[in-house]
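With chain A held as given, fit chain B onto it using these hints.
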Amino acid sequence: MAKRTPLEVSVAVAEAAKMADVDVVAAYPITPQTHIVETLAEMVANGELNANYIPVESEHSAMSACLGSSATGARTFTSSAGQGLELMHETLYIGPSSRLPMVMSVCNRALSGPLSVWGDHSDAMAVRDTGWIQVFVENGQQAFDHILWAFRVSEDHQVLFPVMVHHDGFHLTHVIEPITLPEQEEVDRFLPKPRYPYALHPDNPVSMGCYAPPFIYSEIKRAQDEAFRSPEVKQSILKAWEDFGNIFGRYYMPVEAYRTEGAKVLLVTMGSFSETAMVAVDNKRDEGKDVGIIRLRLWRPFPYEEVRDLVKDADIVLVLDRCISPGAQAPVYSEIRSCLYQEENRPQVFSFTGGLGGRDIVVDDFEQMIDKGFEMLQNGSEKEFEIIGVRE
Amino acid sequence: METFSVYVPKLAPKYEGLVPGHRFCIGCGEALAVRLASKALGRDTVITCATGCLEICTSGFPQTSWNVPWIHTLFENVGAVASGVESGLKAQMRKGKIPEKKINSVGMAGDGGTSDIGLQALSGALERGHDFLYLCFDNEAYMNTGVQRSSATPYGASTTTSPAGKVSIGQKTWKKNLPDIVAAHNIPYVATACPSYPFDLMEKVKKGAETEGPAYVHIFSPCPTGWRYPVDLTVRIGRLAVESGVFPLYEVEDGSYKLNFDFPKLRPVRDYLKAQGRFRHLSDDEIQNIQQRVEKEYKKLKVRCQET
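In order, the protein sequences belong to chains A and B.
So the mapping is simple: my numbering equals the position in the first sequence, first residue as 1, plus 175.
So the mapping is simple: my numbering equals the position in the second sequence, first residue as 1, plus 77.
Treat the hints as calculated values from the structure; they're not laboratory data.
The structure displayed is predicted, hence computed values, not measured ones.
Virtual Cβ for every residue (Gly too), placed ideally from N, Cα, C.
Simulated coverage check for chain A against chain B, where a stretch passes if three residues somewhere in it have a Cβ under 8 angstroms from a Cβ of chain B:
1. 218–227
2. 235–248
3. 263–273
4. 376–382
So here's chain A without its partners, still in its complex pose (with noise of 0.2 angstroms):
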């Protein structure tokens, strides 16, 4: 039987790494981090864990360690957040390019400058085109269920891609959450560990890595790309929530809608504020708005029809982002905005931009929001952008 029992999430997400029986894991501590790979650490220094821990001297070689162990066929993971996200960077084009399987949560953290520890999503939206698969998840249970689903998901031979599975620095990673931990049995079942296929090991050598000239790249990239838009990448992150589900009873989709139905100004969301804004829709609702929310699970590939699916009949669409791309249009929103911008009939979209750098964005503020969205649907809005929670 499963139980449910207080965790902390990151502790929550040591035990999913440790029940999905990872080989390896190969990680450099940062802040909001460090209750990870301290968890796994210690797990593994008390034998719970049959993994090698390689505590290595930075993130640039965690993620090169991680490519190295997944080559080799092992089972691996890895968490990182913020400026370690930042100095695995170039690191983390070659796990897809070079199709390798492994898992990374992320605990999205601001980048510098200045300093800050304390969460957004810049660090999530600097590696939006590495070719990672990435989910943002909202709450701990999430954040658990993700890590086995985003192994289930890398390790199929049809997928061969690294996943990331975001969640918010310190909104999530900090707090004790009631977490539902499944049976090993269960978890078993779920994940199955089939060999990669091109494994290095003398017994069939392979070169993996081979540098590509002019008359050949182009071809390579678009393999890749096709490979990650492809039918069966999505079958398989589809079926893998689905037996998810059929096994633990948490169903998951690529986006979330919640009280969509009849909603004239929608909000898009996407990590831990989303319950809040839930709370904001919920209010509203009870004094008779047509509000609703969507929140984004699945970023990476992004998943176009399910969204233009659920906005279809809004006429306001808020997006939130938690990051700022100087001088352009926060990526969320611009991926949302483009994203309906062929559509018949799209609605107006507008950016809230906010809850930087650990700033808190309560459920007034998303109340506020809602009611700007209302203000627009009455008299149309000159301004297409606003920062949110910000002394002048």
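Just chain B now, with coordinates in the frame of chain A:
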């Protein structure tokens, strides 16, 4: 030394880990060294390769010159990737996912990838005590990108980013002593080698691979393209470097230093320098300066050999 000039192919393993058809320059000392090393390592080897000449000359997609499993990811991370390869194989063997077998995890990089940009990853891997062998093929500059200076470039050498000019002798700093820095990590085996001494090189690579824990072999790899000497002189240049004391061949086993080839009298460094275009501009005074430095370093090494 003359006995080593006899070509004795039957004494070397027939096995080739690096097969013909690669794209190295004619007379490349690194190609020779890698071929010898791969013979010494044998089939049960996984190679992690840094970006550089070695990677570019052996791996143009969709071809490969490698008979052994081989991975290249980036420039500065060979120590880390090789750590991952070693840990991945070990963990899977321990957990019964793949059969138990001695497999050499071997990192290969140039002097830039080792003593400059890859130094941190190497130091980390050495300090953590991974069971792996690191081979640095030192051709004393960034040859793949067109002969730019590295910290392994010797004093006085003219490179494209340390050019000799009216007010410059070229490289103004003395070569970073990587084997010494590696030895300071207190790893079980450190050695220097040169393909001009093929059996010594193979012996050291083999010893390094058999060592439990980290092992490092620094391989002097003459480069006709970057050092500007005729392509048929590679083996001779290597010998002159060793015989003049510019690049002494030694081992550090568990902290104990051993000079493998000692010479009662070192050849003048002039013999070594004069054959190479990169040193052609050096005045007699500068050559004398280098001579003194080489003698001083050589003496230091000999003292260490006696003391340890």
